[in-house]
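Protein sequences appear in the order of chains A and B. Residues 1 to 434 in our numbering are what the first sequence lists, from first letter to last. Residues 1 to 434 in our numbering are what the second sequence lists, from first letter to last.
Be careful, since some hints might not be right.
Copies of the same chain are indistinguishable here, so a pair counts whether it falls within one copy or spans any two.
Claimed, not checked - Below are the DSSO-like pairs computed for lysine-lysine, each with C-alpha atoms no more than 27 angstroms apart in a straight line: (1) Lys177 x Lys341; (2) Lys315 x Lys419; (3) Lys164 x Lys130; (4) Lys187 x Lys341; (5) Lys341 x Lys428; (6) Lys5 x Lys419; (7) Lys74 x Lys130; (8) Lys419 x Lys12; (9) Lys257 x Lys130; (10) Lys428 x Lys350; (11) Lys228 x Lys272; (12) Lys350 x Lys419; (13) Lys155 x Lys350; (14) Lys428 x Lys228; (15) Lys341 x Lys155; (16) Lys228 x Lys28; (17) Lys272 x Lys160; (18) Lys155 x Lys187; (19) Lys155 x Lys130; (20) Lys341 x Lys419; (21) Lys74 x Lys177; (22) Lys315 x Lys272; (23) Lys5 x Lys257; (24) Lys315 x Lys228; (25) Lys177 x Lys187; (26) Lys160 x Lys350; (27) Lys164 x Lys341; (28) Lys37 x Lys160; (29) Lys428 x Lys74; (30) Lys160 x Lys341.
No lab work stands behind these hints: they were computed from the structure.
There are 2 protein chains.
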Amino acid sequence: MSTLKLQTNYLKSYIQQDELLLLNESVKSIHDDMHNKSSIGNEFLGWLDYPLENHESPIEEMLEIAKEVRNNAKVFVVIGIGGSYLGSKAIQDALSPYFPVDDTFPEVIYAGQNLSGRYLNQLLQFLQYKDVYINVISKSGTTTEPAIAFRILRKYMEEKYGEKANERIIVTTDSEKGALRELANEKGYRSFIIEETIGGRYSVFTPAGLLPLAVQGYDIQALMSGAKKAAIDLQANDIFTNQAYRYAATRQLLLSKGYEVEVLASFEPALKNLHEWWKQLFGESEGKGHDGIFPAAVSFSTDLHSIGQYIQDGKRFLFETLLHFHEVEEDCEVPYDSQNKDQLNYLSDKTLNTINDIATQGTAMAHVEGGVPVISIEVERLDEYHLGYLMFFFMKACAMSAYLQGVNPFDQPGVEAYKSKMFELLGKNIKIVK
Amino acid sequence: MSTLKLQTNYLKSYIQQDELLLLNESVKSIHDDMHNKSSIGNEFLGWLDYPLENHESPIEEMLEIAKEVRNNAKVFVVIGIGGSYLGSKAIQDALSPYFPVDDTFPEVIYAGQNLSGRYLNQLLQFLQYKDVYINVISKSGTTTEPAIAFRILRKYMEEKYGEKANERIIVTTDSEKGALRELANEKGYRSFIIEETIGGRYSVFTPAGLLPLAVQGYDIQALMSGAKKAAIDLQANDIFTNQAYRYAATRQLLLSKGYEVEVLASFEPALKNLHEWWKQLFGESEGKGHDGIFPAAVSFSTDLHSIGQYIQDGKRFLFETLLHFHEVEEDCEVPYDSQNKDQLNYLSDKTLNTINDIATQGTAMAHVEGGVPVISIEVERLDEYHLGYLMFFFMKACAMSAYLQGVNPFDQPGVEAYKSKMFELLGKNIKIVK
Numbered sequence: 001m002s003t004l005k006l007q008t009n010y011l012k013s014y015i016q017q018d019e020l021l022l023l024n025e026s027v028k029s030i031h032d033d034m035h036n037k038s039s040i041g042n043e044f045l046g047w048l049d050y051p052l053e054n055h056e057s058p059i060e061e062m063l064e065i066a067k068e069v070r071n072n073a074k075v076f077v078v079i080g081i082g083g084s085y086l087g088s089k090a091i092q093d094a095l096s097p098y099f100p101v102d103d104t105f106p107e108v109i110y111a112g113q114n115l116s117g118r119y120l121n122q123l124l125q126f127l128q129y130k131d132v133y134i135n136v137i138s139k140s141g142t143t144t145e146p147a148i149a150f151r152i153l154r155k156y157m158e159e160k161y162g163e164k165a166n167e168r169i170i171v172t173t174d175s176e177k178g179a180l181r182e183l184a185n186e187k188g189y190r191s192f193i194i195e196e197t198i199g200g201r202y203s204v205f206t207p208a209g210l211l212p213l214a215v216q217g218y219d220i221q222a223l224m225s226g227a228k229k230a231a232i233d234l235q236a237n238d239i240f241t242n243q244a245y246r247y248a249a250t251r252q253l254l255l256s257k258g259y260e261v262e263v264l265a266s267f268e269p270a271l272k273n274l275h276e277w278w279k280q281l282f283g284e285s286e287g288k289g290h291d292g293i294f295p296a297a298v299s300f301s302t303d304l305h306s307i308g309q310y311i312q313d314g315k316r317f318l319f320e321t322l323l324h325f326h327e328v329e330e331d332c333e334v335p336y337d338s339q340n341k342d343q344l345n346y347l348s349d350k351t352l353n354t355i356n357d358i359a360t361q362g363t364a365m366a367h368v369e370g371g372v373p374v375i376s377i378e379v380e381r382l383d384e385y386h387l388g389y390l391m392f393f394f395m396k397a398c399a400m401s402a403y404l405q406g407v408n409p410f411d412q413p414g415v416e417a418y419k420s421k422m423f424e425l426l427g428k429n430i431k432i433v434k
Numbered sequence: 001m002s003t004l005k006l007q008t009n010y011l012k013s014y015i016q017q018d019e020l021l022l023l024n025e026s027v028k029s030i031h032d033d034m035h036n037k038s039s040i041g042n043e044f045l046g047w048l049d050y051p052l053e054n055h056e057s058p059i060e061e062m063l064e065i066a067k068e069v070r071n072n073a074k075v076f077v078v079i080g081i082g083g084s085y086l087g088s089k090a091i092q093d094a095l096s097p098y099f100p101v102d103d104t105f106p107e108v109i110y111a112g113q114n115l116s117g118r119y120l121n122q123l124l125q126f127l128q129y130k131d132v133y134i135n136v137i138s139k140s141g142t143t144t145e146p147a148i149a150f151r152i153l154r155k156y157m158e159e160k161y162g163e164k165a166n167e168r169i170i171v172t173t174d175s176e177k178g179a180l181r182e183l184a185n186e187k188g189y190r191s192f193i194i195e196e197t198i199g200g201r202y203s204v205f206t207p208a209g210l211l212p213l214a215v216q217g218y219d220i221q222a223l224m225s226g227a228k229k230a231a232i233d234l235q236a237n238d239i240f241t242n243q244a245y246r247y248a249a250t251r252q253l254l255l256s257k258g259y260e261v262e263v264l265a266s267f268e269p270a271l272k273n274l275h276e277w278w279k280q281l282f283g284e285s286e287g288k289g290h291d292g293i294f295p296a297a298v299s300f301s302t303d304l305h306s307i308g309q310y311i312q313d314g315k316r317f318l319f320e321t322l323l324h325f326h327e328v329e330e331d332c333e334v335p336y337d338s339q340n341k342d343q344l345n346y347l348s349d350k351t352l353n354t355i356n357d358i359a360t361q362g363t364a365m366a367h368v369e370g371g372v373p374v375i376s377i378e379v380e381r382l383d384e385y386h387l388g389y390l391m392f393f394f395m396k397a398c399a400m401s402a403y404l405q406g407v408n409p410f411d412q413p414g415v416e417a418y419k420s421k422m423f424e425l426l427g428k429n430i431k432i433v434k
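All chains should be built: construct the whole structure from the sequences, respecting the hints.
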């Protein structure tokens, strides 16, 4: 099969080909504007050609640091929130084992993604007798959550390692501006750059996403190759050749018909954090101007025994995007049992992954019959290369989809609202002179 | 403060008191029918008075088995799907440490909640050199996912322990019927009972929820006391005295005004699985007849940097229920830094949990201003007693809410749809003679 295949055959009773065709002109003109860098939000289009550019030198440097961390630490703490951690966490969880195995790679732990005192306190205790490196990821260095975590962990590192702490702190930030860049220059922290033209949720292929993965021994070169292949495959300017644009146009068409909630569904529990990354990408790009598709996600078959009832029979304002990876390493067979009290012998020649594949099909059929439009995205294998391909596919689809909706895919004005209320309550304005 | 407080002061511009008052008569009559056991689905009302009844003897037995497991196993595998595992998992995750600590209690691992061959294969490898007990939870014993996992794990146990395997398998099932009951009788497994009158998603206070928690050393008696207190507190038949009914009526009123998505939000990451339990409870009870509120959940402040944008600025068809626990054990202080490059010194007299409390308030204010109706549920402490109280509160609210919507809160016809498609594709009808 191909690397990624968008299937729309379950949509026949919901969308007609000529409805899609009507959107093709808009898609073409948005494509041109986007690739000419003349569209709204064009100052944040750096991600578009990023996988096509040469990143050999920072990648080599990351692999070097990864080796160093492996030799000198048991734990690698990644400090970041939103786009500064969701991408690497998504890939880490998709590929790492479900249960702890003895490993030569350091454990990667995330911090600064919440404000829980309990979480940070327990983290400090956990780190107590272990050697640690820290990677702090923030463009500005002043986002409240990661800034607090870094202040606390920096103090911890300096008390533990003295001057040597500076060698164990690696910064991923803007090339010139911001509090983190200043501190890095002063302390001599090693640093990686997030390009000014790439926003958080489009940053998984920059060092923000790559360094934590390299430390865990994931093949970041394969990830980048997958993204590059996607960037090449998805250069056509029309709905019929470009699958990302077809996904985007389909979504917007469904939205215009009253399908306002998209449920992303996978049948492998390890993909939960890929769902979270996807929710940020689409929700933050499109949830603007009192419009946009509300992104939700489910992990099947687990959630077929939960929210599955709603999907089958609830309000008919949702559509489903089934994400299915064909080849998953490792499997397990259903054994034969002569007693057969559980009535499962009819499965005893099958493996779980086969049954899971069939459950996927059965679910799609049941949901379509229940009145849910189902889009299906099939990916060949679950590995770095294919995740790179898929994530770039989603990024390009998301930008197109937001443009079709008429909003800037790259700003997030609503995120400021809770911050300013919080600052007001915390008395920030009073105490701080900028 | 009181154990639990429902705050509706953020709803003023969305709901008028007299609108609520209009629902009070319906609430009263549903209450009477429910407590007289004459409402639709009355064969599944066993949960209603369950916490008021005496369960001393099974609880003592569970505590005995918990002690035995602690002495003889490192891992306790709980096999179940949907309501047979979400309740105990929710409480386990809410109370257990974020990072592994050396512990005298066995590790509790869940299985049979998915169809991933990779998951089960890795689980078998993980168990290899460890002593194991199994608790299989299923009313019928023939639900596909847990039945497959149990068949595989039973074979594993019999190969590992021979005849002695039977002493290490504990069954939680119907008192008389079903494949699991039959097998338990034949093999001499010890067993606990899920009452016939209690459905999966209302079963957290039965041995389905309690045994796994007892094994991990959680205080199941405190949990039951909390549930009992809630069952007593929530016996009034009107909206104004009974907070569960007020929550139910408020939800249905919001639904009737076009607020079709409910976002449950917490500011403690450990509550993610409590959200999952809540999603099953409400989604499976209400998502019927092409109606009902779509339940979604977010973990703040993490998701304020993700789906937060959508909540603030997206389609105005959602309302938010903020779940806030006042006292959380363990905290962490923001240190003073003479350089203050990160501009955080204005926080240096505060702890993270204080800042988190303020972020909660700020978020509620921002979302209300953005056009989102916000319900707030405040709970005194995060511990077994208060979780018991809260979960019973949700159960009673859910039943009332579904009745107000005009559906049976206790069936799940839509869950059968994917099963029958899957069985068709798997050829079950052909190979099995029932």
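Original post:
Which hints from the list above does the structure break, by number from lowest to highest?
Top reply: Numbers 9, 14, 17, 21, 24, 28, 29, in rising order.
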